[in-house]
Amino acid sequence: MADQSSFDVVSEVNMQEMKNVVDQATKEIKQRFDFKDSKTELTLKEKEKELVVLSDDEYKLNAVNEIIKSKCVKRGVSLKAFDYGKIEEALGATVRQTIKIQSGISSEKAKEITKAVKDSKLKVQAQIQGEQVRVISKSKDELQAAITFLKGKDFGIDLQFTNYR
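Numbers given in the working numbering equal positions in the sequence shown, counted from 1, plus 1.
Since the hints were derived computationally from the structure, they do not count as laboratory data. Backbone N, C-alpha and C fix where the C-beta goes; we use that ideal spot for every residue, glycine too. Be aware that a few hints might be false.
As the list claims (entries may be wrong) - In silico BS3-like pairs for lysine-lysine, Cα to Cα no more than 27 Å straight-line:
#1 Lys-75 <-> Lys-50
#2 Lys-122 <-> Lys-70
#3 Lys-20 <-> Lys-61
#4 Lys-48 <-> Lys-20
#5 Lys-110 <-> Lys-152
#6 Lys-112 <-> Lys-122
#7 Lys-20 <-> Lys-31
#8 Lys-75 <-> Lys-124
#9 Lys-124 <-> Lys-101
As the list claims (entries may be wrong) - Derived DEER-like restraints, expressed as beta-carbon distance ranges:
#10 Ser-107 <-> Ile-137: 32 to 40 Å
#11 Ser-140 <-> Lys-81: 40 to 48 Å
#12 Asp-84 <-> Lys-40: 23 to 31 Å
#13 Asn-21 <-> Lys-101: 35 to 43 Å
#14 Lys-154 <-> Lys-70: 40 to 48 Å
#15 Gly-157 <-> Lys-28: 27 to 35 Å
#16 Asp-84 <-> Lys-31: 41 to 49 Å
#17 Ile-137 <-> Lys-81: 24 to 32 Å
Model the full structure from these sequences, guided by the hints.
Right, here's the structure in full:
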């Protein structure tokens, strides 16, 4: 086993960066004239990996989402990590939207990734380990080629490559 190298394919969001995004977005919302006297709130639920956006109407909610997106891009948080829920009515004539923050690779996506790696004709093996995929090979060059191959594919989620050894 010592002559084998490997890396893990994971998909996760740095929650500290997400906190920074929420703080910066909140600060911008408080300063903007079009949000003056509005009931706009951002709530980050770290344990549930959710971001709850509350605003006066759908127009302002969409404006808040654009602010969040711009802050995410500046902080290096991938926009693919968000799963936007539907906009629903809330108390006090406001609207709410729950945005799920992706953590881990779902089993369907993991199967899709392992199938793509196997179909790539590279001399590597991919196996699903919980919410991540481990890619193993004897050659580090093959692992580099596998990383390049996976970066070129779009699985609809943000991928990171960790634990390279």
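Whether the CB-CB distance between Ser-140 and Lys-81 falls inside 40 to 48 Å | violated, 30 Å
Satisfaction of hint between Lys-101 and Lys-124, Cα-Cα up to 27 Å = Violated - the C-alpha atoms of Lys-101 and Lys-124 are around 36 Å apart, more than 27 Å.
For the pair supplied as a hint, Lys-112 and Lys-122, is the alpha-carbon distance within the 27 Å limit?
-> holds, 16 Å
Measure nothing beyond the straight line between the CA atoms of Lys-48 and Lys-20; if it is 27 Å or shorter, mark the hint as holding.
-> Measuring from Cα to Cα gives roughly 13 Å; hence the hint holds.
Starting from the hint 24 to 32 Å, judge whether the C-beta atoms of Ile-137 and Lys-81 obey it.
-> Between Ile-137 and Lys-81, where Cβ atoms are some 26 Å apart, the hint holds.
Taking 27 Å as the top limit, are the C-alpha atoms of Lys-110 and Lys-152 close enough?
-> holds, 15 Å
Does the alpha-carbon distance linking Lys-20 and Lys-61 stay inside the 27 Å limit?
-> holds, 21 Å
Just tell me: holds or violated, for the beta carbon distance of Lys-154 and Lys-70 against 40 to 48 Å?
-> violated, 23 Å
Has the hinted range 32 to 40 Å been met by the Cβ atoms of Ser-107 and Ile-137?
-> Violated - the Cβ-Cβ distance for Ser-107 and Ile-137, about 22 Å, lies outside 32 to 40 Å.
Pair hint outcome, Lys-75 versus Lys-50 [Cα-Cα no greater than 27 Å] = Between Lys-75 and Lys-50 the Cα gap is close to 20 Å, so the pair holds against 27 Å.
Measuring from beta carbon to beta carbon, are Gly-157 and Lys-28 in 27 to 35 Å?
-> Since Gly-157 and Lys-28 have Cβ atoms about 31 Å apart, the given range 27 to 35 Å holds.
Would you mind confirming whether the straight-line C-alpha gap from Lys-75 to Lys-124 stays at or under 27 Å?
-> Since the Cα atoms of Lys-75 and Lys-124 sit roughly 37 Å apart, the hinted pair is violated (cutoff 27 Å).
The structure shown violates the earlier hints numbered 2, 8, 9, 10, 11, 13, 14 and 16.
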